[in-house]
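Spelled out, the chains give:
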Amino acid sequence: MPVKTMRDAINEALHQAMAEDDSVFVIGEDVAGCNGSQGEVGSVGGVFGVTGGLYKAFGPNRCIDTPISESAIVGAAAGAALVGMRPVAEIMFADFIGVCMDQIVNQMGKFRYMFGGKSTCPAVIRFASGGGFSAASQHSQAMYQILTAFPGLKVVVPSNAYDAKGLLLQAIKDDDPVMFFEPKALYQEACEVPDEMYTIPFGQAAYVREGDDCTVVAFGQMVPRAAAAIDALEAEGISCDLIDPRTTSPLDEAAILESVEATGRLVVVDETPPRCSLTADIAALAADKAFHALKAPIKQVCAPHSPTPFSPELEAEYIPSAEKIIAAIKATLA
Amino acid sequence: MTIPKEKLLRAYRQMKTIREFEERAHAEIMNGQIPGFTHLYTGQEANAVGVCEHLDELDTIISTHRGHGHCIAKGADVIGMMKELFGSSEGLCKGKGGSMHVADIEKGILGANGIVAGGPPISVGSALAAKIRDNGRVAVSFSGDGSVNQGTCFEAMNLAVVLKVPAIFVIENNYYSEHTNISYAVGCDDLKARTEAFGFPVFMADGCDFFSVYEAAGKAIEHARAGNGPAGLFAEQGRFHGHFVGDPQYYRAEGELDDLRENSDCLKVFRGRVTTDGEVSHEELDAIDADVLALIDDAVAAAKAAPRPTAEQVVEDVYVNYGNA
Ligand SMILES: Cc1ncc(C[n+]2csc(CCOP(=O)(O)OP(=O)(O)O)c2C)c(N)n1
Ligand SMILES: [Mg+2]
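Respectively, the protein sequence lines represent chains A and B. Sequential numbering from 3 applies to the first sequence in the numbering used here. Sequential numbering from 3 applies to the second sequence in the numbering used here.
Bear in mind the hints are in silico, worked out from the structure with no lab data behind them. A hint or two may mislead.
[Claimed, not checked] So the derived label-pair ranges between C-beta atoms look like this:
(1) B:G138 with A:P252: 53 to 61 Å
(2) A:S121 with B:N33: 42 to 50 Å
(3) B:L60 with A:C193: 53 to 61 Å
(4) B:N137 with A:H307: 35 to 43 Å
[What the hints assert, rightly or not] SDA-like, lysine to any residue: derived pairs with alpha carbons at most 20 Å apart:
(5) A:K58 with B:Y186
(6) A:K326 with B:T312
(7) B:K166 with B:A228
Small disclaimer: the values here were computed from a predicted structure and weren't measured. In this text, a Cβ means the ideal position worked out from N, Cα and C, and glycines have one as well.
Starting from the given sequences, assemble the full structure and let the hints guide the process.
Shown next as structure tokens:
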């Protein structure tokens with residue numbers, strides 16, 4: 003099977019979805035690039051290179067550059083979806099949710115409920131998410147945990163190229179608004195990805211590792227890091243389940259609970275601060291529904307309650323490391 | 003308009019300091035010494051200096067992701083800034099903010115800003131404080147041609163008119179927002195008219211000419227300081243580098259950069275004019291060049307030797323006071 007980066011896998015999914023269904027279009031800042039300039043329109047293909055080639059293949063009506071106007075981008079996607087199109091909007095950095103929150107949260111996420119189930123809003127919003135680049139407080143946030151809190155939105159966080167393609171194709175087919183978070187630290191990471199189209203259903207976690215001693219649940223760029231931590235512990239005779247929920251809304255509660263029932267221990271890992279977080283959410287789930295199976299306190303490995311710092315030393319301390327994940331797993335076994 | 007010689011020399015020194023700061027930052031980024039995303043101001047120096055030469059420490063500015071020039075022009079400590087870019091705990095923001103968040107509140111620098119058009123509303127708040135305190139201060143927001151299409155920019159402009167506050171909206175048109183030309187991103191043909199329709203005057207400047215910016219900025223700032231409400235300043239001048247360091251710049255026309263550096267370099271334009279007028283000699287400017295180079299050398303050396311932040315500093319500075327937590 004061919005090996006592709008997450009960037010290329012997402013790009014391929016966009017090409018295929020647009021070829022298959024002409025109601026699919028992409029819209030965002032510099033998704034084509036060079037509009038109005040002397041350069042060749044389409045030569046940029048997104049600041050992270052994810053929408054490369056779409057302008058050339060599908061033209062200006064389906065690969066649409068916008069001014070810097072995030073509220074209007076998301077609103078336009080919401081409105082087009084409300085009348086039956088399948089827009090895929092790009093918000094360059096997930097942090098810019100701060101600029102367009104109303105259109106996401108109060109508008110597209112609530113249409114169906116407010117309208118008594120009589121509407122659909124099959125829009126996808128893609129975001130580059132998360133830290134690791136010394137990009138400081140306004141360009142490093144994961145943000146998916148925030149949108150997970152809003153009923154009406156589906157929230158996807160792939161951790162590898164294979165999942166990214168299948169989940170994005172599902173997101174585009176899905177009739178609800180889907181928030182698709184691409185951990186930017188993983189764009190260059192590659193794995194085997196089939197050329198053909200396939201979908202991965204929402205609400206189905208992936209078992210990334212299987213073991214007996216502890217359940218580890220991790221999200222996004224923390225998944226490969228948790229896998230590395232678990233692999234390092236193998237030499238010490240410790241084996242863990244590693245569960246990647248892949249979608250935070252809907253959440254595959256059953257997979258997590260089943261594993262916790264079997265191992266009796268739980269470590270939850272995410273790169274966001276702890277308050278109102280996914281780590282707190284999953285810990286509460288286990289405490290509520292698998293309490294009697296637990297042999298040790300649940301451990302949350304997450305960022306501290308602070309914005310993301312600039313300095314690389316500070317950011318390395320901020321984002322959970324494999325060492326911290328190892329220490330947490332060992333703490334549950336102590 | 004005659005500008006005292008002392009001020010001319012100071013303006014040149016400021017522009018040269020920005021230029022050398024940026025060029026050294028560029029070199030250190032290429033060396034892998036400066037982390038993160040850095041946007042260089044090289045080429046646009048006359049905008050920042052032409053505006054800030056009308057301000058003192060009690061006036062405020064707010065800046066953008068391309069903020070080094072504005073901060074230096076408003077008096078930020080160059081060594082502290084270089085340390086910040088390197089991520090040192092001795093940086094102006096203790097290594098917490100980096101290039102995109104350089105700030106010095108005591109000097110009236112309300113911060114570079116990573117969010118396009120994040121600044122204008124905040125600047126209106128500073129202008130509102132000046133109005134309430136009736137202290138004659140003004141608040142300048144710098145933002146780019148790409149910022150003018152953001153809702154926050156429209157809201158700030160209208161609010162400034164409604165409240166009649168001394169806010170100056172400086173729009174720096176360097177023709178591009180990332181990879182998109184202003185001719186695409188701004189839908190109307192006349193951005194000046196569109197902006198003036200909010201209800202304030204917009205003054206135009208040639209951004210490669212310090213004198214042009216200084217004069218237009220003077221009018222805008224005077225208008226606001228005199229209690230007439232907000233004013234705008236549009237300065238047009240290309241940047242010499244890519245959007246960020248590493249930008250392939252597919253949007254450039256053939257020869258565009260060479261032409262800019264050759265024919266639209268504010269330092270050359272300034273030198274040409276003041277030496278032709280006989281106000282200032284080449285030797286005087288050369289002496290400033292040498293001073294500035296030494297200063298930037300010192301700044302880089304200091305930044306390389308400066309202490310690095312330590313783990314416990316991550317959670318410091320989040321709040322003034324957070325109870326017992
Ligand atoms: C709200 C928001 N949207 C998008 C970006 C990404 N971005 C950073 S700079 C930039 C272009 C800004 O162009 P302009 O305002 O002309 O300033 P210039 O870079 O030319 O100085 C963009 C799109 C951002 N930082 N914030
Ligand atoms: Mg610009």
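Cross-check of the supplied hints:
1. B:G138 with A:P252: 53 to 61 Å: Given about 58 Å between the Cβ atoms, the range holds.
2. A:S121 with B:N33: 42 to 50 Å: Hint violated: Cβ distance 55 Å, outside 42 to 50 Å.
3. B:L60 with A:C193: 53 to 61 Å: holds (57 Å)
4. B:N137 with A:H307: 35 to 43 Å: With a Cβ separation near 37 Å, N137 of chain B and H307 of chain A satisfy 35 to 43 Å, so the hint holds.
5. A:K58 with B:Y186: Given pair K58 of chain A, Y186 of chain B holds - Cα atoms ~18 Å apart, limit 20 Å.
6. A:K326 with B:T312: holds (17 Å)
7. B:K166 with B:A228: holds (11 Å)
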